[in-house]
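Trainee: Counting from 3, one number per residue, gives the positions in the sequence shown under the numbering used here.
Simulated from the structure, these hints should not be mistaken for lab results. Treat the hints with caution; some may be incorrect.
Computed spacing ranges between beta-carbons, pair by pair [as the list claims (entries may be wrong)]:
| hint | residue 1 | residue 2 | range |
| --- | --- | --- | --- |
| 1 | N114 | K84 | 31 to 39 angstroms |
| 2 | W161 | G127 | 19 to 27 angstroms |
| 3 | I129 | K204 | 17 to 25 angstroms |
| 4 | N165 | I200 | 19 to 27 angstroms |
| 5 | Q133 | A12 | 42 to 50 angstroms |
| 6 | K204 | D45 | 25 to 33 angstroms |
| 7 | G127 | F7 | 38 to 46 angstroms |
Every residue gets a Cβ at the ideal spot worked out from N, C-alpha and C, and that includes glycine.
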Amino acid sequence: MNKPFITYTAQVDKLQNEKNLIITDTNFAITTLKNFSYYGLIDGYKHLFIDIHTRKYINNTCFEDIVALYELDEDLRELFFKYLCRIERKLRSSISYHFCQKHGERQEEYLNPNNYNMIPKNMRGIIKLIQMLDNISNKNKNHKYLVYQRNKYHNIPLWVTCNALTFGQISKMFEFLLQNIQGLICQDFGNVKKNEMIKYLKVLTLYRNVCAHNERLFFLSHVH
3 MNKPFITYTA
13 QVDKLQNEKN
23 LIITDTNFAI
33 TTLKNFSYYG
43 LIDGYKHLFI
53 DIHTRKYINN
63 TCFEDIVALY
73 ELDEDLRELF
83 FKYLCRIERK
93 LRSSISYHFC
103 QKHGERQEEY
113 LNPNNYNMIP
123 KNMRGIIKLI
133 QMLDNISNKN
143 KNHKYLVYQR
153 NKYHNIPLWV
163 TCNALTFGQI
173 SKMFEFLLQN
183 IQGLICQDFG
193 NVKKNEMIKY
203 LKVLTLYRNV
213 CAHNERLFFL
223 SHVH
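Turn these sequences into a full structure, and let the hints guide you.
Mentor: Laid out in structure tokens, this is it:
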């Protein structure tokens, strides 16, 4: 059955009378639910406070306890995001530097499938990557710096294009690069092994998306 829509007042009443959550300040609870949403706050952070069998709150849990956990998670997201952005920035720089050092600055080079590791399991992903890069370098009008490079120089080098890529896209690009270029990039990150780097980037992409979209990080951290 679908869950029915209920008002903020009804949400507070449900938490108090059906779920045994202690709410001492109804106005604060309603304002908080307006700001965070029931799904984002209660469904996201109730798990530490609820009996999995009765689905009711235990140990005199207060509404403020759930809010405090949410705020802790918010602080974690901010901290993680800060350092994830630094990793992302360095990865963009390293990939564009080593790729262009080997293949040059012409955009035709990063649109050439021969400049990637075209083993059978990579071929479909490389084709999708090149299509995406082609769209950014030849069609994208959302970034002024791309339009400027396109109009003035009729060429967008990879170090410019990389700025328009998501963490997931730049991580996927690393996965498809030639092994010698991958090795140089891994050296920039303390001689991490290539296969380990690919695994790290998949996990970091997940965490980066969670932080960027304000999703629950606390439970994700606990699971991993």
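Trainee: Looking only at beta-carbon atoms, does the pair Q133, A12 fall within the given range of 42 to 50 angstroms?
Mentor: holds (49 angstroms)
Trainee: At the C-beta level, are I129 and K204 separated by a distance inside 17 to 25 angstroms?
Mentor: holds (20 angstroms)
Trainee: Taking the beta carbons of N165 and I200, is their distance inside 19 to 27 angstroms?
Mentor: holds (22 angstroms)
Trainee: Per the hint of 25 to 33 angstroms, is the separation of the Cβ atoms of K204 and D45 within bounds?
Mentor: Given a distance of about 27 angstroms, which is inside 25 to 33 angstroms, the answer is holds.
Trainee: Note whether the CB distance of N114 and K84 lies within 31 to 39 angstroms or breaks it.
Mentor: holds (36 angstroms)
Trainee: Hint says 19 to 27 angstroms; check whether the CB-CB distance for W161 and G127 agrees.
Mentor: holds (22 angstroms)
Trainee: Tell me if the beta carbons of G127 and F7 are separated by a distance inside 38 to 46 angstroms.
Mentor: The hinted range 38 to 46 angstroms holds for G127 and F7, with Cβ atoms some 42 angstroms apart.
In the structure shown, no violation is registered for any of the earlier numbered hints.
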